[in-house]
Amino acid sequence: MTPSLPTTRIATTSFEVRTRGRGFVELDDKLRTGLAESGLREGAAQVFTQHTSCSLLICENADPVVREDLERFFAKLVRDGDPLFRHDAEGPDDMPAHVRSILTGVSLSLPVHNGELALGTWQGVYLWEHRAAPQMRTVSATFIGY
Amino acid sequence: MTPSLPTTRIATTSFEVRTRGRGFVELDDKLRTGLAESGLREGAAQVFTQHTSCSLLICENADPVVREDLERFFAKLVRDGDPLFRHDAEGPDDMPAHVRSILTGVSLSLPVHNGELALGTWQGVYLWEHRAAPQMRTVSATFIGY
Amino acid sequence: MTPSLPTTRIATTSFEVRTRGRGFVELDDKLRTGLAESGLREGAAQVFTQHTSCSLLICENADPVVREDLERFFAKLVRDGDPLFRHDAEGPDDMPAHVRSILTGVSLSLPVHNGELALGTWQGVYLWEHRAAPQMRTVSATFIGY
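Order-wise, the sequence lines are chains R, H and D. According to numbering that gives the first Met the number 0, the first sequence is numbered sequentially starting from 0. According to numbering that gives the first Met the number 0, the second sequence is numbered sequentially starting from 0. According to numbering that gives the first Met the number 0, the third sequence is numbered sequentially starting from 0.
For reference, chain R alone in the conformation it holds in the complex (with noise of 0.2 Å):
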């Protein structure tokens, strides 16, 4: 028995990413309002995106080379056309971009402190698209906390 601990509440949200092809969408901004619009200050939140060919991952924020050169990495481990590759049929970054997703992932959980996600200072939340092909990209929100 934990009486003393807070009573746990949930609020959850989701929005949509419009990505121009292969690159990095910072999500910090649209996360910081939903946890704001829940109310909640203490707690965790989990944030998903419903696709296999893009990804949720941290990465460093300030310095734009350090995305060129993830780009630079990724595509040199999983190269686009790749014979290896038989599923191919929306082009040769289709199979590429499931790979890259599996690799990344596509859920995240991060920590809420004080009413703002507990991130380091160098940290951005970011989806990451891995198609060639501007898309348009679910992403939800759930927040655990008091």
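Don't take every hint at face value.
Copies of the same chain are indistinguishable here, so a pair counts whether it falls within one copy or spans any two.
[As the list claims (entries may be wrong)] Only pairs whose alpha carbons sit at most 20 Å apart, straight line, appear in this in silico SDA-like list of lysine to any residue: (1) K29 to F14; (2) K29 to L116; (3) K75 to H86; (4) K75 to P91; (5) K75 to D87; (6) K75 to R85; (7) K29 to W121; (8) K29 to E115.
Note that these hints are calculated values from the structure, not bench results. Quick caveat: nothing in here was measured; it's all calculated off a predicted structure.
Position chains H and D relative to chain R; hints supplied.
Same frame as chain R, now just chains H and D:
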């Protein structure tokens, strides 16, 4: 204070999964059953597997060639019997299974909406067996919501 | 309505971890202490580290050679000083540390059962330092349950 948000309740379940060696086992049905039994309709599900040589992932669920391509990609990325690996007491797939598990992860957080796992149309939840031989795997799920 | 399920409570903690440069620090003891202090017995723990050049992972905890093999595998996968990387202000391990952090993640969700982290027999929770030099790292844990 957020008195207007719903109070959160919690339910846990766990189940065994028999694998047939390296390959994928879809978990959606077992997770849906656990969620239905909990009676929760909004919130989040945390899924976890208690092992270090398999993993949990979200993968495209329509074309089985995607999983075949994934298997081929990872077999090349993390080679069985690679002399780089010294931990090989259980065979050439021993250490590669640990590396593959770490690259893809053993926990997932999924949103719950309208009493269903709020997955995307093409998303399936899979256990990925990384050992060559069949195994019995434990998966636990924690549903948090209202 | 699920009035028969337990109401959920929440507790948060955070602690500092001093690393000795590249390598692994087991977190199980600190997490167990935080869980015991919360008094919660069933539910989930969310663990997060506020950095972009270390990561959190579940790894085999019996044979230290597994972690040595992991280090060797990642050193080869993401090469220090690779001319592919342009973000190198903090040295040849700067961008590789970001890539390794993204490949292995900064958040974990763990189940809690009978007042214990419900890990598998061979699972340990580790902070993986990816920078060559020692660092002070912050880890936060959110326990949700009853």
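Fill in: Hints not upheld, ascending by number
none
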